[in-house]
Amino acid sequence: MFSLLLWVWIILGGILIGAGVHFIPVGGAPAAMSQATGVGTGTTMLAAASGLTGLIGAGTAYYTHPGDFAYTIVMGGVSAALMISVLAFIANVMYVYGAGVPLASAKVKYDPITKWRQDLYVSRGTEGHGSPMASFISGILGAFLAGVGGALVFFALAETYKAIPGFSATFGSYPAPYYISLAAAFAIGIFFLNCVMASYNIGGTIEGFHDPKFRRIPKSIAASLVVSAVGGLFALLISVMLPGGI
Amino acid sequence: MAEGEQSPRRLMVIGIIGALIGMYLARYLNLWTGTAWFSFFAGLGAICAVYYGADAVRRVASYGLGTGVPSIAMLSFGAGQVAVLLGLAVAKNYSIWFAGPVIALILAAIIGLVNGVMARRVIKMNIHIMEMSMTEIAMAASLVILGLSTVIAGSFTFNAIMSYVVASGFIIAVFIVGAMAMFHPFNACLGPDERQKRTLNLALSTGFIAMLVAGIASGAINGVQAAVPTLIIAIFGWIIYYLRFFADTKQDAAAMLSTGLIPAEEEVA
Amino acid sequence: MDPQMMVELGALTLVGGAALIAGVAEDLESDVGSQSNPNSQVQLAPQMGYLHRLYNKAISGEPASYPFYAAIGAATALSVLSVTGNNSLIGVFFALVAGAFVTALIHGVYATTSYMGRLASQSRFGQPIYMDVLRTHTPVLMAHGFVANFSVLLLTWVLIAQHLSPFPFVVLAFIWGIALGGVGSAVGDVHLGTDRYYQDRPYGSGVNAAHSGSVVRKAESGLRNSIDCAWFCSKFGGPLTGLGFGLVVYLHFWKEVVVKDWWSAVAGIIIVMIFVIMNTYLERYSRQRYGTYKEETEAE
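Same order as they appear, the protein sequences are chains A, B and C. Heads up, the first sequence is in the numbering used here, so the first residue is 16 and it goes up one at a time. Heads up, the second sequence is in the numbering used here, so the first residue is 8 and it goes up one at a time. Heads up, the third sequence is in the numbering used here, so the first residue is 481 and it goes up one at a time.
The following block holds chain A by itself, in its conformation from the complex (with noise of 0.2 Å):
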């Protein structure tokens, strides 16, 4: 049946996807070529590879702990943040054993958080490269933000599916039930809709909280509030469709 509640926790789950992304630092296509500081893959993908790395852990902890909202959102973010923070430092460890470049970023003098200067460890030519703390850290919250936003979403979908007659049959001898399957696949997809939003947002390359594209973050919370909204009473509705289950 429909909550207000867990719609809520939908929108604010599309919020912090939203917000997320802007956290992650993405060097796009020319960090492959240590042109540009961040990771190199396009800012939604890369987005998707972690949060969506965060939904199986909500998943997995969804299904140990059923109905432990806590338990899932956290291990929804812990998980995300796990796996970018692997992920960028396996990345530094090509940049620096790899292309022997050090890690630095062309937008700020200083780093934020380590307070080392940069500009000098810039190459000629280039926006810096690699994950410097001030991004790395950044990535980690971001990847932590976008996992408990899936975390969220995926919550609130499983929550008002399972009430509904019938869903929790599975299909054939898999242990998937309908209501787990079904909210999976609307998280995937709710969570696509925001972080496609937010990299339109961003357009290309970010480095983290200390760049300055970062603080076009409100358009990009507006933007996934109403996104996720609508999105979400559409989720939710179905359950106030099937009175009667399946």
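Among the hints, a few may not be true.
[What the hints assert, rightly or not] Under the rule of at most 35 Å between Cα atoms (straight-line distance), these lysine-lysine pairs were calculated in the DSBU-like manner:
#1 A/K124 - C/K774
#2 A/K228 - A/K124
#3 B/K131 - A/K124
#4 A/K228 - C/K774
#5 B/K131 - A/K228
#6 C/K698 - C/K774
#7 A/K130 - A/K234
#8 B/K131 - B/K204
#9 C/K740 - A/K177
#10 C/K715 - C/K698
#11 A/K228 - A/K130
#12 B/K99 - A/K177
#13 B/K131 - A/K234
#14 A/K124 - A/K234
#15 C/K774 - C/K715
#16 B/K257 - B/K204
#17 B/K257 - C/K698
#18 A/K130 - C/K698
Because the hints were derived from the structure by calculation, they are not lab data. Since the model is a prediction, treat every value here as computed from it, not as a measurement.
Given chain A's structure and the hints, the job is docking chains B and C onto it.
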């Protein structure tokens, strides 16, 4: 719009009408005969929607989205799958199951329009066709999802889609295969000498691959009845349009060499 | 130690190993095809007047194409399993092989369309389409893709069979596909883009944006092709990608199998902290070892 191109309006009619006719044919013929032999009609319908969606992607992505072509299709398919299942659930609730696809289409248009307005007005993307394109791509996406799901389940009632397509997880395969069929044509033909005819022939070829995957998946639900006709038609259709794309490529390319060295500077006029 | 945990630890080892192989194969596959980020250089080269004989496989970025393959493979495997039943080990094995095989075919088809499509759309720069490049590279792509996808399907199946995740097979394979593509494009592509494509430039600096597109087109002998790039990247980029994806998958489930309940969240946070500390050391090492590019006085 360059000379010899198909107009967006014509493609819209082909996409929407074709997809709906395909789905209804599949549903009614399957129901009437009590078998699943006719599921492939829905796949042909989905290909019409891919054809239409690929052109919509082409029109909006040629402005440059800033994050690559795939993003817009991922967004629209995310919106589309929510719209499809809500549409079918509404149809089930009011016992008007024959109207399911139309309701899904309308809901997809609403959610697509909201996304477009957000992208253009709030995020302030400087693409004047953004609202229209997002609406069109979300509509096409919902039709592709529904068409391919109908191939798998043999029917488009909520119960069939839910228990055969969503519960098994095939919905995600439909999501990504449909999205790839829709954005790959323009993404693969990206460049200054892109031509609509070649891109759309490629869209038909990728559409048949999407139908092929749906046909394979339908084997898990309806067995040989659904899978065999779908696979045969998908493979033949794919061969025809792949060869057409190949011929177009041959016509458009600077040269198609069996082998050779890099041309010297002066040879390139 | 209870027997259930022993079984789960064994499954975890298998999953980590499969992820490692998937990562290596994925990166080498993308190097053969010049997919994802370094593709921008191959795409730009003819425009700057550098015609080449490299492959140009733009099936979107790796994080979008790998879930595509994984989802097709998983859907096919599920379909085969509906016929053979999922009780016998050998039946499952063949279903996964069938899934990876169908994926490899579709991968090959998509690869040829993007090579031909992209190059035909650059005809004004005089870039020819070489059919022998298409013929020699596509099977190599398909083979690497087969290994990567089979490994992803295998690790997903083990997770499902051990009830380590409640998600359906296809959904889980899809998400691991995104993660694999993300790691592959973030890690392995750097070796290809910074080092291999610009081997004639001095080592130890980023590629100057002014040199974008001037990729190396001549090899030690003859002209460079993309299979040479996979050979080069198999020395560092590929294995490191494998390590990255293996660690992502292994640590993700290690924290859930070895420690339970809230302690797994704590374990996750501790692992993240360890990576932060290691990154600090790495950053300090790189700065001390390599030094600055400009003098203090030069900087504005």
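Against the structure, the hints:
no., hint, result
1, A/K124 - C/K774, "holds, 14 Å"
2, A/K228 - A/K124, "holds, 16 Å"
3, B/K131 - A/K124, "holds, 30 Å"
4, A/K228 - C/K774, "holds, 27 Å"
5, B/K131 - A/K228, "holds, 14 Å"
6, C/K698 - C/K774, "holds, 32 Å"
7, A/K130 - A/K234, "holds, 30 Å"
8, B/K131 - B/K204, "holds, 32 Å"
9, C/K740 - A/K177, "holds, 25 Å"
10, C/K715 - C/K698, "holds, 20 Å"
11, A/K228 - A/K130, "holds, 21 Å"
12, B/K99 - A/K177, "holds, 19 Å"
13, B/K131 - A/K234, "holds, 9 Å"
14, A/K124 - A/K234, "holds, 27 Å"
15, C/K774 - C/K715, "holds, 31 Å"
16, B/K257 - B/K204, "holds, 13 Å"
17, B/K257 - C/K698, "holds, 26 Å"
18, A/K130 - C/K698, "violated, 43 Å"
Hint compliance for this structure: hint 18 alone is broken.
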